[in-house]
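Protein chains in written order, with this note's numbering: chain A, 1 to 158; chain B, 1 to 158.
In short, the hints are calculated from the structure, not lab data. The beta-carbon is built from N, C-alpha and C at its ideal position, and this holds for glycine as well. Worth double-checking, as some hints may not be accurate.
[As the list claims (entries may be wrong)] Which bits of chain A does chain B cover? Going by a derived footprint, with three or more residues having C-beta under 8 Å, they are: (1) 30-41; (2) 53-66; (3) 139-148.
[Unchecked claim] Facing chain B, from chain A, some residues (calculated, C-beta under 10 Å): (4) Asn5; (5) Arg8; (6) Val14; (7) His19; (8) Gly23; (9) Ile24; (10) Glu73; (11) Leu75; (12) Gly94; (13) Val96; (14) Arg97; (15) Thr99; (16) Ala114.
Protein chains: 2
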Amino acid sequence: MVQLNEVRAGERTVALPAHTDAGIYFIGTIRTPWTDRRAAPRQGCTDGPPCRIEVAPPWDQGLDGIARFARLEVLYWLHRSRRDLVLQSPRDDGAVRGTFALRSPARPNPIGSAIVELVTVEGPVLVVRGLDCLDGTPLVDLKPDRSLFRPPAREGGA
Amino acid sequence: MVQLNEVRAGERTVALPAHTDAGIYFIGTIRTPWTDRRAAPRQGCTDGPPCRIEVAPPWDQGLDGIARFARLEVLYWLHRSRRDLVLQSPRDDGAVRGTFALRSPARPNPIGSAIVELVTVEGPVLVVRGLDCLDGTPLVDLKPDRSLFRPPAREGGA
């Protein structure tokens with residue numbers, strides 16, 4: 001059985017710094033169908049189930065105008081992940097890679113990011129598709145998808 | 001002249017919580033040509049100038065295998081931004097929108113994200129294109145671009 005958060009063969013940990021450098025406010029909570037990391041998908045998919053992003057006061061005031069965006073970028077805190085792994089073997093198959101060459105939840109700053117489709121806005125709650133995180137995951141940020149802000153490609157450009 | 005970090009007409013601030021909920025380690029420093037926010041581009045572009053991402057020890061050990069990825073997602077801490085705005089008027093033109101309907105650097109958790117092209121890896125330094133942040137911006141995370149991990153589109157799918 002796959003164990004969570006153990007250190008596997010070939011993996012390498014480092015001592016965490018004594019102090020952090022900046023602080024995060026949890027601004028809401030993400031509700032998904034997944035309560036166990038072993039059941040959650042490895043990568044969100046926009047044909048996945050609808051999930052709820054509950055934005056807490058006073059931050060819900062910042063949702064004004066969000067309904068006009070079809071896609072959002074969501075940042076969240078992977079609150080059950082260890083932070084001290086620099087080399088990882090996610091599949092426990094002997095293949096070891098650096099943490100920054102992986103999208104594993106175990107990372108020095110365990111911030112997950114997803115691009116989701118916005119289905120509907122119900123007051124302070126967004127219904128979206130495309131998440132892969134656990135139920136109860138703390139919300140860190142919401143932004144319009146960057147591609148919606150990009151200038152059109154130049155004519156004759158690459 | 002555009003002032004930085006003032007509160008403009010129509011904007012709304014909230015009282016920040018007394019405590020943060022989680023801590024961030026700065027894992028490196030981003031070097032760009034921009035030392036003034038008024039000169040930095042509003043959105044990074046992969047035909048922009050090369051920038052350097054300097055990953056600090058011990059985290060540089062996590063770069064193993066990163067050179068195989070053409071595109072990376074970069075998270076960074078927008079260290080000069082105010083965090084208490086929920087309604088903003090970025091162009092000071094009377095148009096006010098919620099913070100989460102904007103990619104403005106002023107947000108409760110001022111984490112910027114960019115997709116960059118990896119030009120080369122020089123030990124603990126990545127040379128990339130596509131950033132828009134200020135010189136000296138603290139690095140928070142690096143991940144392979146999510147689209148490189150997506151399964152291919154299903155045949156006959158949408």
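Each hint tested on the structure:
1. Given as covered by chain B, the stretch 30-41 of chain A fails the check, having 0 residues with a CB less than 8 Å from a CB of that chain where 3 are the minimum.
2. Using a Cβ-Cβ cut-off of 8 Å, 9 residues of the stretch 53-66 of chain A lie near chain B, which meets the minimum of three, so the contact claim holds.
3. Remark: the stretch 139-148 of chain A is confirmed as covered by chain B, as 6 of its residues place a Cβ nearer than 8 Å to a Cβ of that chain, reaching the required three.
4. Among the interface hints, the one on A/Asn5 is violated; its C-beta lies about 17 Å from the nearest C-beta in chain B, farther than the 10 Å criterion.
5. Using the Cβ-Cβ criterion of 10 Å, the hint placing A/Arg8 at the interface with chain B is not satisfied: the shortest such distance is roughly 15 Å.
6. The beta carbon of A/Val14 comes within 4 Å of a beta carbon in chain B, closer than 10 Å, and the hint placing it at the interface holds.
7. Checking A/His19 against chain B: minimum C-beta separation of about 8 Å stays under 10 Å; hint holds.
8. Here the hint on A/Gly23 is kept, as its CB sits about 3 Å from the closest CB of chain B, short of 10 Å.
9. Hint status for A/Ile24: holds, given a least beta-carbon distance of 4 Å to chain B, under 10 Å.
10. The criterion of a C-beta within 10 Å of any C-beta in chain B is met by A/Glu73, whose closest approach is roughly 7 Å, and the hint holds.
11. Hint status for A/Leu75: holds, given a least beta-carbon distance of 6 Å to chain B, under 10 Å.
12. Against a cut-off of 10 Å between C-beta atoms, the interface hint on A/Gly94 is violated, since the closest Cβ of chain B lies about 14 Å away.
13. At about 8 Å, the closest approach between the beta carbon of A/Val96 and any beta carbon in chain B falls short of 10 Å, and the interface hint on this residue holds.
14. A least Cβ separation of about 4 Å between A/Arg97 and chain B falls short of the 10 Å threshold, and the interface hint therefore holds.
15. Checking A/Thr99 against chain B by beta carbon gives a least distance of about 4 Å; that is within 10 Å, so the hint holds.
16. For A/Ala114, the suggested interface contact is upheld, since its CB lies about 8 Å from the closest CB of chain B, less than 10 Å.
Checked against the numbered hints given earlier, this structure breaks hints 1, 4, 5 and 12; the rest are met.
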